[in-house]
Each structure stands twice: as structure tokens, then as C-alpha cells.
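**Student:** Single-letter residue listing:
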Amino acid sequence: MEAYKKVQLARGKNRPTGRELIAALTQDFTELHGDRRFGDDPAIVGGIARLMDLPVTVIAHQKGRDTKEKVACNFWAAHPEGYRKALRLMKQAEKFHRPILCLVDTAGAYCGLGAEERGQGQAIAQNLMEMMSLQVPIRTILVGEGGSGGALALAVADEVWMLENSIYSVISPEGCASILWKDPSRVKEASEHLKLTPQDLLELHLIQRIVREPASGDFSRLYPSLQLKIHGMLSQYGKLPVAELCEKRYQRFRKMGIFAE
Amino acid sequence: MLKKIFFKNSPNQLEGLAQAAPQPHVPDEMCTRCPHCKTLLFSSELDENLGVCPKCGYHFKRNPRQRIHMIADPDSFVEWDRQVHSGDPLEFPGYRQKLQNARLQSGEEEAVVCGRCTLGGYPVALFVMDPYFMMGSMGSAVGEKITRLFERATAQGLPVIGYTLSGGARMQEGLLSLMQMAKTSGAVGRHSQAGLLYITVLTDPTTGGVTASFAMEGDIILAEPRALVGFAGPRGIEQTIRQKLPAGFQRAEFLQDKGFVDQVVPRGEQRDYLIRLLSLHLCKKEEG
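Here the protein sequences come in this chain order: P and L. Using this note's numbering, you'd call the opening residue of the first sequence number 1 and step up by one each time. Using this note's numbering, you'd call the opening residue of the second sequence number 262 and step up by one each time.
Take the hints with a grain of salt, since some may be wrong.
Chain P side only, calculated, beta carbon under 10 Å to chain L, not exhaustive [unchecked claim]: (1) Ala123; (2) Glu189; (3) Arg254.
Quick caveat, the hints were computed from the structure, so don't treat them as lab data. Where is the CB? At the ideal position from N, CA and C, for every residue including glycine.
In isolation and in its complexed conformation, chain P is listed as follows:
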């Protein structure tokens, strides 16, 4: 399938939101608000929940269903306080030896006045550095759009999976086309060249697994098996000695990159 079709599917209106996925995959979701520094960012939802028998910290980008909700979540583009909230919850998970599940769906971290004033770059950088050495298992699933640093700030994980119709890219194909070719209409071409589909990224060894979606588009049929897979992975990594867990995560990213010498 053409890459651009994948882009459109990943942005599809009928895909589940972060909150809907949390509700479908976990029980007893207990939301925790705020970064303890500036405020609470509704574009990232987080808290504690039970995945089958396993208490987990769960963090997700939240896009809204209707216009009002979309505006409230800032069109799922998080501010620095969103990433700082995520990190606070991850450090809390580490303290209580809870594994972490992140669900990524964002066009990218927000670019605006407040975001820059409050250190968007610093917030993301801090997450990347801290997540690399967190002493609990972290799993990230890309469930829709994985846009650049705003996605990566929740994706320094032991394993990164992608739903079949999700994308993960360094820049949006529109951004790429307008910067490189000064022509936003060449978005299809850009989508193709950026290698942003799950299949491309699996071949590049940047993700570990593609989760098939039901052909009918009925996500409720996906949840039971996905729940099992996540549970299996988290408990498997949970058995590893901490030093080994962190070393494996480090080495996973250490190998990424293709260069000559």
C-alpha cells in the first residue's frame, strides 16, 4: 500500500483515542494530573491502572472526539508540562516498581509561544535521558500518528510496537515537502521517501512488532489479544535484573543509525 494512504489511515477520525484505549485495555484507571511545576496538560493523560492482574502506569496522548474536546486537548499537541507530567509519573512508577505503558498519538510537540517559553526542547531532552535509565520495564505502542520529538519523548522504551495503520516519522510529510521542495502538494512523494510505515520501520529495526488491526475496523476485537501481548511482554521484562534491563534498552538505541566509515 502507498505510504500516503497509511498517513491518512493513521490520522483517521474513527481511530480510538488515548482515553478510549486506556479504558479498553485496563481496569481501575486512576488519573493523576499535573507536572507539579506549571500546570496540567490535557494533551497527555496519565495515571495508574490494572492491566489484567498487573498494576501499571499508563501514559497516553489524548486527541478529542469532537471539536470542543479537540480544542481542550490542543489537538493532541503537548506542551512542556505534558512531557514533565509524563516524566513525573514515570519516576513515580519506578519508585513503586510498576511497569510503564505509553500510547503515542501526536502530530508533534506543540510549537507556540508558551511552549518555547517553558522549554519544550529541554522537557523532551530530559525525558529521553531519564527514560533511558528508568529501572522498570517501559513499553510504547504507536496507535496513530507518531510525530517527531513529541512522539519520541514517550517512546524511549524496551520495545516499541506499532499498530498496523500507524505511522512514525521525523517530520510530517507536509512539513518535509514544504521545507525540501517548497511545495506542500508533494506530500505523497514525501510520505514514500520518509519510510514512515510500520513495515519500513520494522525492516530498519527501529520498531519490534506490528500489531495487526481487524480488517473490519472494529477495534473492540483487537483489545483482548493486545492486552495479552502487552501483559506478556511487561511481565517478561519485569523478570530481568535491573542492570540487564537498562543495558538492553541502551543497546537497542545504541545500534540505531546507518552510516559509513
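Use these hints to put chain L onto chain P, whose structure you have.
**Tutor:** Coordinates of chain L only, in the frame set by chain P:
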């Protein structure tokens, strides 16, 4: 002061370095106009003043060799991993040509120069990013060089000083370039956990994936006057919010006001400033 230390007695330093590495592209015009105060300056006068406009203090771009010459002890720089360079992993249209042009324009193999040197006798691992190589964008090779530098510095117990400059992640390498943010951050983290010092000097411009990774992970973050530093570029923000940005937005002084930069340090004072920090951290001087 820095000028006196270096340029009075050592006009041949740069020549020596230039022999070791291909000559960077230097415009042969005799005069340069300061883009800030519009004064016409003799290029030789500008070079003697470390690329700072003597009238208004505007900081011109410098290539990595000029930067190394400005801050390292004479003849102390030994380059690491010069041979590491980008291929074209995704066969992205036009990328090979761009790389070739960048190599010609900069005289470098990649957008960052890494190595070891001493400053006032203190050994450090040093990296300097290159404005003349695809505006310091980070692809696999840049990420690898930075990561190796931190790993080597950790193994050798060396502090790291990094001059950052970047347009962001190199999109011609797709997600591979985004992953360099995580890879470099991991190596910075290990260096930090070993109790070692990391100082960044943010130079104009430092944006995108470099800001959102190793540029902002220093124990101490310095910046050059008026350097543009941000996650999103100003044009992108203006398009998003559909209004003009206030004057001075995302400049080094603004970041210091907002609490994200420890100190804005003019170029001529940087060497002394860095040496003082190394000394305050009880770093060890090279023996002999």
C-alpha cells in the same frame, strides 16, 4: 583578552590545523558587512576579533576549526572519528548531492567535529557543530560521533564541552535521524551518572532535535549573545499562531530570563569562562 592570548603570537596556528584537515571554504572578499549594524568591516579585522563585530558585538558564524582554535590550547586538539560520515540509507532524492556540496563547502566529512584537547591544561572531550555542513543537521553519523565521544569521555573520565549548532534532525534520513536523539541522550546520561561534567555552549542557531536532546542536557548551559535557541523554528511558530513573534523571542538572553540558560557568555570570554568552570569542578590537569 582571549584575542591577546591567541592571536598575537600564533598566526600560524590555523595554518597548521588547515594542513591537517582540508581547507574550509573561506570567502575571499576583503570586506564583510555586519548584518546587524551594517558597518563595513575588513575581513582580517573581523577574524582578529574572533568573528565578533567590533562596533556592535554581533557574533558571526564560525566553522569548527576556527572555534577549536579559539578555545583549545595550541596544538592540543586530536580529532576523533573523522572518518564517520553519512551514507544515504533511505536513498532519499537529492541527498547524495547535498552531502557532496556540504563536504565541499565545509571541508568536513560531517556536521560535527569531535576530539580531545586541553583548555588551560585541563583535558576535555570537545565537539563543535558546523554551520557550513547542512546547517549542523543531525543524521546517523552526527549521532554516532556524539555518542562515541560521550562513551569515550566516560571511559577516560573526561569532562565534555560541546558547541551546539543545528537546524534539527536531518529529515533525509527519516526516523533514523530522530532515533539519534535517544541514542545521544543515553550516552549523555551514562556520562552524567559517572559523575562527569558536561558543559554546552549554545550557538546560533540551535534548534529542533538537537535542542530537544544533548544541547539541553548539560550540567551547565552557556550561550553566545543573541544566539537563536528553540525547539520549533520561528517561522514554524509564526505559521502556527498566525502572528509575529515579539522581538528577542528565542534569543539567548530570553532563554536566560526564562531560566533555561545559566549564562550568556560573549565569544571573547568563553575560553577563560570554561577554564574557570573546569577548575571549580576540580578537574585534573594533564600531567607533564
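**Student:** State the violated hints by number, sorted upward, taking the hints as numbered earlier in the document.
**Tutor:** none
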